[in-house]
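Trainee: Here the protein sequences come in this chain order: A and B. Quick note, the first sequence lines up with residues 469 to 927 if you use the numbering used here. Quick note, the second sequence lines up with residues 469 to 927 if you use the numbering used here.
Please keep in mind that the hints were generated in silico from the structure rather than gathered at the bench. Note that the structure is predicted; figures quoted are calculated from it, not measured.
Pairs involving identical chains hold if they fit within one copy or between any two copies, as the list cannot separate such chains.
In silico DSS-like pairs for lysine-lysine, Cα to Cα no more than 30 Å straight-line:
(1) Lys726 to Lys765
(2) Lys733 to Lys786
(3) Lys679 to Lys892
(4) Lys875 to Lys519
(5) Lys892 to Lys803
(6) Lys645 to Lys527
(7) Lys875 to Lys679
(8) Lys875 to Lys645
(9) Lys645 to Lys892
The chain contents come next:
Protein chains: 2
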Amino acid sequence: MTARHAAALQAFADHFGKDFSTNLTTRQQHAHTQTWLTNQPADGVLLAHNKQMLIDAVKLAANYQCPIIPFGIGSSLEGHVNAPLGGVCIDLSTMNQVLEIHAEDLAVTVQPGVTREALNQTLRHTGLFFPIDPGANATLGGMTSTRASGTNAVRYGTMKDVILNLEVITATGEVIKTASRAKKSAAGYDLTRLFIGAEGTLGLISELTVKVFGRPEVVAGGVCAFPSVNAACLAVIQTIQYGIPVARIELLDELQVKACNNYSKLTMPEQPTLFVEFHGSALGVAEQADTFAEIAKEHGADTFNWSSDESQLSQLWKARHQAYFAVQSLRPDCKPCATDACVPISRLADCVAETRADIEATGLIAPIVGHVGDGNFHVSLLIDVNNPHEIEKAESFMARLSERAIKMGGTCTGEHGIGQGKQKYLSAELGENTVEVMRLIKRALDPHNIMNPGKIFSL
Amino acid sequence: MTARHAAALQAFADHFGKDFSTNLTTRQQHAHTQTWLTNQPADGVLLAHNKQMLIDAVKLAANYQCPIIPFGIGSSLEGHVNAPLGGVCIDLSTMNQVLEIHAEDLAVTVQPGVTREALNQTLRHTGLFFPIDPGANATLGGMTSTRASGTNAVRYGTMKDVILNLEVITATGEVIKTASRAKKSAAGYDLTRLFIGAEGTLGLISELTVKVFGRPEVVAGGVCAFPSVNAACLAVIQTIQYGIPVARIELLDELQVKACNNYSKLTMPEQPTLFVEFHGSALGVAEQADTFAEIAKEHGADTFNWSSDESQLSQLWKARHQAYFAVQSLRPDCKPCATDACVPISRLADCVAETRADIEATGLIAPIVGHVGDGNFHVSLLIDVNNPHEIEKAESFMARLSERAIKMGGTCTGEHGIGQGKQKYLSAELGENTVEVMRLIKRALDPHNIMNPGKIFSL
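Make a model of the complete structure from these sequences and hints.
Mentor: Laid out in structure tokens, this is it:
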């Protein structure tokens, strides 16, 4: 630790007292815990309770040129909460107030530590809901910073689409508002979208206003088994091309279905399977479901049985949501390392097929599950993180996956972000000139590189 | 003109020959022609035919630190194509090729000079269409740069929502790609959204990939007269809150209806009127139209007659599209000066009512017409641009309109942009700290201030 960082830590301790901790366990719990990336703890952890504490923290950090690393709930997957250059982790989890509900405008203003489940719990009596569901019960601040999406994105968009405005603390401790509450605006640069997905490298989000939606009159859904992954993907492609406004369309490959059957005590046919959900009026969902059933049949699927019975649906989605734990049960001594890619929908079947073949050839255990309506899918690699040989295998597999997606006109990450793990693919995807423009922006907004340094790109 | 600019002009003339013109009429035609803002022509106009010419032009401009001002078709409303610091106008209108149609991915790659009507003409045999319709037959490059939207935005979003990626020439002449063709991505800063709405101040758009949509199975629509503007607005608010996926919902106030009747030889009741359109299946549009009819009735409207007959619909929308000329006919010696504001939907009725009262009190002739489903409306001021007293009246009215919208949580511009005309309201809306962050980005990406200088903010 440099003398400057040591002085910064002392200053944080003096200023924040018991809310600031340098306990090793606390620090490790606040660093990356989710895959094989090394845990790189910050030098201290500040539990922030209010906006003024955030402003004070950034100003102290700026004074001492000491890094700060924002932390929501720690569910990010690419090392976003690691502290490769040390510094102070800012834990926002207790800034979890829903501040304003503008029901008539379908908008809600929240603190960054509110989780998506807590927000929906607060909204339960209003007839409104917040749709973005990345699986984990992440915080809205974290989801904003990684441009998260998930199962409902095919219908409701990603975080980039549902945020009306942000309040951000800049690297010098100024508080800025990025936009008004109007649904659309042509007033200057789109700073809202610039901070969304910036992974905390440009400023600290202190408040956000998100769009919410009226609960659909009817929710209906079902599962549908296909003879092959290819057939399932072709059905997805056609569903999207037909413009059926599916709310969710999720692929589980054969191995994933097997894992879910074992873990959730189900009896699904062990074949590639689509989980589908429709939102709308009674007539509307019936029409959607019938059209989907026809498409599925064309691609060799069994009968598509759907229902709008709430308990049947919730059992169905429980299995989907337990997919992570189900995967883990395939090799209980290992943690699933999740990676993602996203391609134009026309290339989905090819990309999944080539990836499946690659997995087989490599000898990895790795189910595929995906938000396929967006061309986005995940591979959950079951590797022993203490075995360098397995890590190497996984890393070279991920490099090939990224390269494959990029070659097909897609991206190395649809929703997990770049963080530490995918920096090497960013230039391959967009070119070094593009990354250089990102660096220019970073240097302009954070000249001392104190905002979550070491993420997205090296400076 | 400085010696440096003179040298730049000589260099442009030498390099581009007959494609470069310094003819005064040409220069004036390429500067702001649309309202009372002064026409400030560039020193020369380059007719660009291909990407290499754009790169060469930017490199020359960078060499001589000479401003460049991109020009599509000249339909912008806030002085975006003026050249307050001189320099070279780059006319992109002949870069009008549709480069790639990825029908299966619902995406199209075009040159920036393609107009929205030309794009739809090219797509007519594919079953696809491009929905963004700001009224004018603008170019896609221009629409991108002002973050345009228009009548269909309530259903299909604005330019920010439909652009997958941009190719941009930076201020140093480097070509960058902002994103892949994947529908979603979490790969680094959202440069796509940064350049959308940047009004050409950060780089020159040389290519863009936009989302297109399947033509709806059925298009249906109708008009509906209300007893007051307030009643019409309340019906709009409820329609949006009910989640009816209207494709268009446009308000024409009494004066606008009167103008349309006169100009288009129609016999609409001279009352505040909503023009509504629904897209979907036969069942879907019927359900939407019936629900809307109930809402309208609750708010005192006459029977809502709707139809899916193409010729009836096209006659209906012809009147809406001729609204600009109809307004002009109210005072033939004047040009309508259009301004816009956008508020959260719950404040729409209040904002329109207060604005209407303000117009009456000021004694201006100014119909109101709006994309009210987004809380966005326009006021078309009929003033004599040669009368300083009328200009002053119009300017102070617009200041009050901006202030009113901002106070209601809205924005001083929903879709026209800041340009030269609305700079004074930007700080009022977002605060000086926010504008300062925009300036930091501008200086980082365009250190010599050559990219469309004098727009959005002063440096």
